[in-house]
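Chemist: If you want the building blocks of each chain, they are given just below.
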Amino acid sequence: MAISRRKFLGSIGAAAVGGVTGALGKAYGASNKHFKGYPDSYGVLHDVTKCIGCRKCEDACNVVNALPKPEKSFEDLSVLEEKRRTDAGVYTVVNQFDVEGKKVFAKKQCNHCLEPACASACFVKAFTKTKQGAVVYNEKLCVGCRYCMVACPFEVPAYEYDDALTPSVTKCTMCYPLILEGKLPGCVEACPKGALIFGKRDDLIKAAWQRIYKYPDQYTAHVYGEHEMGGTSWLYLSGVSFSDVGMREDLGIKSAPELTAGPLAAVPIIVGLWPVLLTGVYAITKRKEKIAEQEKESAVARTLEQAQEDTAQKLEKLKAKMTQEKTSAINFEVKKALEEAAKKAEEEAGAQTEADASEEENASDESMKEDE
Amino acid sequence: MIVAVILGLLPVLGQTGTKKAGNVAGPDVIAIDLSKEMASNEMKPVKFFHAKHNQAVEGRCEQCHVRDKETLVFKFKRTDQPPTKELYHENCISCHAEKKAAGRESGPLAAECRSCHGALAEPPDTAWTKIPFSKSLHYIHESSEFIVSTAKGQTDNCSACHHNANEKSRQIYYTKGEESACVYCHKETKTQDVRSIRDASHDSCVACHEKLGSKKIKAGPVTCYGCHDVREQAKIEVVKTVPRLKRNQPDVALMTGLSSSGKNPKYLMNPVAFNHVGHETRAESCKVCHHESLKKCSDCHTPAGDVKGDFIRLEQAMHSVQSGQSCVGCHNQKTTASDCAGCHAMMPSTNLLDTSCAVCHNTPDNQVVADEKMKPVLAQKMVSSRAKTHETIDAEKIPEIVQISILADEYKPSEFPHRKVVQAITKRIEKSELANAFHKDQQALCMGCHHNSPRSMEPPRCASCHGKTSDAASGRPGLKAAYHGQCITCHQEMGIKEVLATDCIKCHAKK
Amino acid sequence: MGAQMTQPANRKLTPFNVITGMIIVAGIIFTVLRFTKGIGAVTNLDNNTPWGIWIGFDLLCGVALAAGGYTTSAACYIFGLKQYHSAVRPAILTAFLGYALVVFALHYDVGRPWRLPYPIFISQGTSSLLFEVGLCVFLYLTVLFIEFTPAAFEWLGFKKIRSVVVKLTLLLTIFGVVLSTLHQSSLGALFMIAPSKLHPLWYSGYLPVYFFISSMFAGMSMVIFEGTLAHRWLHDKMDETHLKEASGVALGFAKAASFIMMGYLAIKLIGISIDDNWQYLVTGWGAWFLFELLGFVAAPAILFAMGAREKNLTMVRWAAGWTVLGIILNRLNISIIAFNYHLPSADRYFPSLMEIGTSVFIVTIGVVVYRFVTTRMPILHEHPDYKEH
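Protein chains in written order, with our numbering: chain E, 4 to 375; chain S, 22 to 532; chain Y, 178 to 566.
One should not assume that every hint holds.
Cβ pair distances, simulated, as ranges [stated by the list, open to error]:
(1) Y:Ser-450 x E:Val-274: 28 to 36 Å
(2) S:Ser-115 x Y:Ser-450: 39 to 47 Å
(3) Y:Ser-450 x S:Lys-106: 33 to 41 Å
(4) S:Cys-134 x Y:Gly-498: 40 to 48 Å
(5) S:Pro-420 x E:Arg-87: 38 to 46 Å
(6) S:Asn-62 x Y:Ile-447: 31 to 39 Å
(7) Y:Ser-450 x S:Gly-488: 56 to 64 Å
(8) E:Gln-297 x Y:Ile-201: 52 to 60 Å
(9) E:Thr-131 x S:Gly-488: 30 to 38 Å
(10) E:Gln-213 x S:Val-423: 28 to 36 Å
(11) Y:Val-341 x E:Gln-297: 27 to 35 Å
(12) S:Ala-118 x Y:Ile-447: 43 to 51 Å
(13) E:Pro-219 x Y:Ala-218: 52 to 60 Å
Once the Cα atoms are required to be at most 35 Å apart in a straight line, the calculated DSBU-like pairs of lysine-lysine come out as [said to hold, decoys possible]:
(14) Y:Lys-259 x E:Lys-291
(15) E:Lys-293 x Y:Lys-336
(16) S:Lys-452 x E:Lys-217
(17) Y:Lys-214 x E:Lys-86
No lab work stands behind these hints, which were simulated from the structure alone. Glycine is no exception: its CB is placed at the ideal position from the N, C-alpha and C atoms.
Make a model of the complete structure from these sequences and hints.
Modeler: Below you can see the structure in the form of structure tokens.
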């Protein structure tokens, strides 16, 4: 495989950085930052053993938030035969579970996490974790991307899919306006059994564990929400295992923002490094091209020079040869001419001698005559 | 790509090799695990469906089990030789092959290794329930004419099952008056000298049942689920009043604990006059309290703690609230009965009121009793002097109707039939000696609802302590939650089905 | 007279035009429904599954397959491989159209599309990877647009401004690679926030790396694939250089893609072993995972390698198409199929016909615009006035 060295180096470099940032991402995710919640923030303790499935909390929520009335009234307890989840305009539901022959009821709604996945996921900051502990939604900013619904591990936010132009995400608000006034959330106020207690989250955790110590046979020794997903403001006590009442026990204690902190941390590194690397590759490429060009040129020049030298030599040789040839030709001609001349001279000499002889006779006659 | 697809589908297809368990969902799955006997063992333990095979051999146990002097040995095709792979393979597979050749349904054959050694093996799941060998069951055996004594000169048949063992000579023998529970020696796992309780009980009980059964005598079950299935257990006859077991046990005991030294030694706590015979009828069997041996508790559970007692001190052995074997623990467990739970479910079990101490530590005289024989006498005196009856309050003094109007908002005030409820609760527990011992009189019952305040005929209003909203710091319910919590929880715990928790208007009409 | 009338009509009513026309009409109907009755009336999305194929296919696959833009321009301008030069413009056009269509598709999926500029201009949710995706896509779309404009300027005859833009090529290419790395990986990182909802074989801390690396060979395969289609249907628009270089581009990319795909396989295996997820490979999901990995990454990689060695263009083209399918399968697996794997089947999602129809409509628009541009502007050939590009 003929891959050029520069290409290879370039891709190795890119891969190495990718791996490093991946590893860095993991290391960053394992940092020891731990948000314990705003001090004195509120929460709600839901004691599942006390819930009798009367649905008064659902009714109160509907009234307090002016939500549309459902088809079946809240006094209709037959709806408990099917498991329900939160829906558009239904901020909370009570579900019935059959555990070892006994009926157990549990309320489900937004858990108002300390580090909410929805707020972390929202790209327009439409969710805010308030200092009071409630996680509130701002429908004036929401674009409707529904990433919050993907992110929420408790499957809580619902969407108004049937609203064409102004759909919003809906979820429990912990009755934020009410708790600012020092009042109780609607569901807490309505619960006849005290299955919901509102107060400072730290107090509620203490109270929850006290209850577990006081009645060890009646409760599972775990306060759900104390640590799950980094901690939630809604805390749960149960007499049976939490998975038996529809609550996932495999979510872990890492908050959602911690899960994405790694990739987010990689972004500025890429912005800083990539241009340098790529420009570097480009520069190296260009340099190689230039060198190749130069080498080509010098090779061409050398070849040209060589060719010229060769030609000159050849020319010299040819010249010499030609001169020689000419000289020999001349010599030959001269020789030939001399020979001919000699021959001619001989002939002439012979003829001359005869002529001379006759001429001498004549001449002498002549001369004798002339002399007279 | 085709190769990839096939390779990819193999794991899925491979799982069809294991045949599903039969429809006998019960305690019949036995794990055949030779990992201890075999040095290298690649295959997973076999889940052996015993009931299925019972059916296949049409109840003829000898097809797989060897008889040793008329008694079946419940090991596979051997008496006590160690098991080997070849033993199982040769015998199991040959039978399967025979059945297959006969054209009948058969188990896996020679090449189908993982059909027995489950491809994705889980531990054998079983609805196996331990069978409690209660006094009633014991009496059925004790009184059976078909169970005869093996020891000479005995009128009762204890020696048929009970024995002692000499560890050195590895012999068993019988001594009258030293019978005790099997589990005192035969534990969950076998040791070098002692069989496990499972093997011991199967070899003794099931073998005997089988022997009698083959002689057409009505005897106990021979199948797994016959003893270990809850439904079958419920079918076993229960003898209501079992005559007292004769094991030279005391009627009463004086529990004394540590004493001071010096000239006038005194017990450092009020001794407990313990009504042993009274407790014998309450417990399912002696093992409930005498969980390791029939000795006195303090023999192993010393005040400071001893290795014999697993370093559980005497105080813990007597008072531990969570344990089923301690006094306080057992009493606590009894309060979960529906007759009691209406009030007791809402009381923290960790609350040991100091007034309760005197119920058991009821001997006022701390003088050390020097003569051992005098102790039971003293104890008997104390036990007999205990009041058996339950003082009741004059009915007129109990308010008949209490109108709870403090929270009337959406609903009208509740007209609570106070006297009726008090009398109903009283009626449910008036026969319970345990309840009467601790409640002393009917007025104590008031504190079930009128709690966290002193005994009084005019207890404080609930609103004195329960505010409008539930308190986060203490977890104390608000007034509405307190009322509903108290009433509804009591109804639920006492099983009062006529008053549904969600039936609001039953207790207060709508406005 | 009659014959004359049908002549021009026939010319416009080609099978291509008829079919695309019908799809576009249907798409307009779906659009009207979506904006009058809401998303629920057109899709099968619900509260458990907020993202369906409009995100899974239109967005994720669209962005992955439009990666040919940065790979080709990087090969040509940064790595100096001049033999890819003729492939740059078609790749940039595909990428530009791809990203433009992604944004177009978002207008359907998002509840209030007129607020799409909010995260960039009004309220920046910087803790969100979706913000990262949005910002980078926004910037990259701008980059692609600028990279595309020289072709348009040549067509329109704006010589001066064209020469200005051309001078920015290297800068834009580098910027493009940076932005592409960021948003391709961030699309993968989107799913890192929901480990409880994505099957462990697909969920990994390396999701961003997987998405980025796979986008490289996705883009290259797409360049080969759409080059094949263009050769078949737009042959007359191609000039000599283009035709001459085409096979070199295909073989070169085949080699590169094969190499990168092998590396991708390796890092996928590393991902499984780091999380100790081997036990999942022998389950039903494991079989599906292996099917995707072996059947749609390993197999085409081998085919690419063989085709490149034997200089067999047919093999290379098949491998390219196969790889494209593999990318689509991978993105759909992560966003729809292995997502919410824990829910009972009654609660699982399958797209509605109108949802699928809308996606087809969006792709069709892309094809139609591509044809419009390549048949008029100097994409597949060089403009005679600007030979010295």
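Chemist: Starting from the hint list further up, note which numbers the structure goes against and sort them upward.
Modeler: none
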